[in-house]
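Here is what each chain is made of, one letter per residue.
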Amino acid sequence: MKRRPFRASTTTTVVGLIAAASLTACGGGDADAPGQLTAATLVDVQSFDPTVNPGQGQRIFLDPVYDTLLRNDADGNVIAGVAVAHELTPDYLELTLQQGREFSNGEALDAEAVKANIEHRMASSGPAAGAFANASRVEVTGSDTVRIHLDRPAPAMPIALADVAGILVAPTSLDSPELGTMPVGSGPYILDESASNKGVSYVYVPNERFDADEQQTLNRLEIKVLTDDAARAAALQSGQVDISQIARAQADSVDSSRVQKEAFPGNYWMLQFTDLDGTLAPAVKNETFRQAVCTAIDTESIAESIFFGYADSQHQVFGAGNEFHVEALEGTHAFDPDEARRLLDESGVTDAQFSVPAFGPIQTVGEAIQGNLRDVGIDMDITVVQAGTLDKENRETNFPATVTPIKQVHPQQLYVDRLSPEGPQNPFNVAHPAVDAAYEKAANAETAEERASAFAEMQTLVADEALWCGLFRDQSIVAWNPEKVQGVENAVGWPMGPSFREVTVE
Amino acid sequence: MSKLIGYRILALIPVLLVISIVTVGLTALLPANAADRIAGDSATPEQVAAIRADLGLDQPWYQQYWDWLMGVVRGDFGNSLIDHSAVLPLVGDRLGVTLSLALVATVIGLVLGISAGTIAALRSDSLLDRAITILSSVALAMPAFWIGLILVAVFALQLGWFPATGYVPFTTDPMGWLSSVILPGLSLGLIVTAMLARHARASMIQVLQMPHVRTSRAMGLPARSVIGRHALKSALSPVITTMGFQFAYLLGGAVVVERVFGIPGMGDLALNAVISGDMPIIQAIVLTTGLCVALAQLAVDIAYGYLNPKVRAL
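First to last, the protein sequences are chains W and D.
When we follow the working numbering, the leftmost residue of the first sequence carries the number -12, and every step to the right adds one.
When we follow the working numbering, the leftmost residue of the second sequence carries the number 428, and every step to the right adds one.
So that you can see chain W by itself, here it is in the shape it has in the complex (with noise of 0.2 Å):
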């Protein structure tokens, strides 16, 4: 008997803390404080040194404390960065930089700072070192301008220089072991490592020495790590993020009336045939068959259905607007189940069969191409790899083809990583001489017009042969509280979420 009340007082203390818990929830979180802005993004950073860093989507994380040399517009177009004007030459590209800038540990961001860093990148074994493949060396030009003089032609270099490639360092942190968790740039805001968590949250505080007052509107930024789809969009809903990159799935689930969603444009997919020699796969050799499996692809109805709608089908690299755009090459190889069974008859194959290797979304992707391919009697074989080595497999030669978002922005890169016979991309080695003589000729052409011509005749090449097979370009989906976030504008090519510049909170 004596012991009744104790119980009766544990569970009441039990309900009490629960009850006190759940009001603590209800208080509301840092996503509410004026001028805060709280994001969520699906993948953590993999290093603040530019050197590791992948870039594009990755740029999310990076944007905020590193400037570029320069920037691209909403449309993908080259503006001015740090670099406020550019001058491209087959034999040069030349920077002219802004004056009186500085990073936040207080050196001078001036032409000797580009040097070091342009030097640095050029030496490094990472991604960002490709842009540099056709540089021999930087020169200090004048107190505000920098030089990078080519071996050959870099018609992609200054794209390029918008990327990871362009990012600049203070040059005393550029060899620091430090660097891939202590960034130290220029950009409109400084990392906060103390209140930073790896993997979790990066608080970012504004940069004092950074005066462009258009582009440093927040006074705190946190980005969250959420790699659950499901909890993203909770998080969005539920007021604890203010923005967040929503799944595709998760889409429809997201109520509208709260927030406000836009779908931007994000990677463009491919089906390229690398073995194109007939190593392991002797029907890849032949053209005929190639088209058969471009002719036999639903572009259309895969984005419906595996991208539930936000996926635009587009059989060429480069989309309606851009200056690489190729307006004769519209239609080519659309879907026509009857016209690749004629084609098939006609290549004449005996062995219809190839293979490619998978992972998660491509694995998708691939089986929708699977089912489609059979449909016309091709048999396209997945092998499913382990997680974190498509990289690996699209640069080796244990496939004849391979399904892939690519990374490729400007015909000169699709030519160096996917055609070049030294291309990573192109693991077979296989040479395409009428492709290389065309690329030399943009290379080498003397106006933007002449270039954009021979590019032209490059990708129609490409197409003519079916080297690749043009899929479709994915959508990335942002939402965000409208009430609180405005100027939320696509970043190309940053597919886990827009840049914060100019983004303000009320």
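No wet-lab data here; the hints were simulated from the structure.
Computed from a predicted model, the values in this text were never measured in an experiment.
Every residue gets a Cβ at the ideal spot worked out from N, C-alpha and C, and that includes glycine.
Fair warning: there could be bad hints in the mix.
Said to hold, decoys possible - One-sided and incomplete, this derived list gives chain W residues near chain D with beta-carbon spacing under 8 Å:
id : residue
1  : P114
2  : G117
3  : A217
4  : A218
5  : A221
6  : Q224
7  : S225
8  : T376
9  : D378
10 : K379
11 : D404
Given chain W, put chain D in place with the hints provided.
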């Protein structure tokens, strides 16, 4: 009993050594490695080789292992191969979160499971017993992540009682911590509750038939005393054994639940480390998890000692 504890602690050293060697062996079989991760998809073979050399991955596996082991002996678990952050504080922070979640789930499982099992046993073959049995079967059939999604939809998004995602350290805000772990703790703990309820019921029914319990009843001891002091204590031994095994499940299950609730535990860290081939982080996670499981088993042995005087005398 103290001898047993001392012996078990000493035995941990070779166990952890074997675990570390097996981890190195298994990781060596993984096709993913940190150099490939850093290189990306457009690197040349020469660039990949240069990165491998930079990271020391071109050394023989036994050399890499020896270097790592010597570091561990000095208390240095090394740095991440990807961003060079120190491994020990990173894993320590994450382990604390996962253990916190596992602890809450354990408490929920023990309290609800033993209570439900005992009630079912005392009302054996009644409607209540059948209801508890059916409910525990349903709970066992539901995956923890699905329970988590339902709890978020109802208690976070609809009612707004608890946060949908995130974790607050206990040291920062105890009430905030409780608020952040209740839903994930329930997601994880319901399955343990169901498992323990079934074991507790079966064990209690058996113990209630035992002579010493029947004698106690015949002697007119109050039901509370018979159940609480005699029957329950005997019935708990197999339940505690089950709980020991369940703790390893909780550490594994927490990986999934952490993702659903956006909790920064070991789950994402382990997944990213495996995908990246980030060996120092993988080693630290496996070792610390192994240590936790071994310590949980030790706690089970100590609990046995409390429940069973024969064991205590060892």
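Against the structure, the hints come out as follows:
no.	hint	verdict
1	P114	holds (4 Å)
2	G117	holds (6 Å)
3	A217	holds (6 Å)
4	A218	holds (4 Å)
5	A221	holds (4 Å)
6	Q224	holds (6 Å)
7	S225	holds (4 Å)
8	T376	holds (5 Å)
9	D378	holds (4 Å)
10	K379	holds (5 Å)
11	D404	holds (5 Å)
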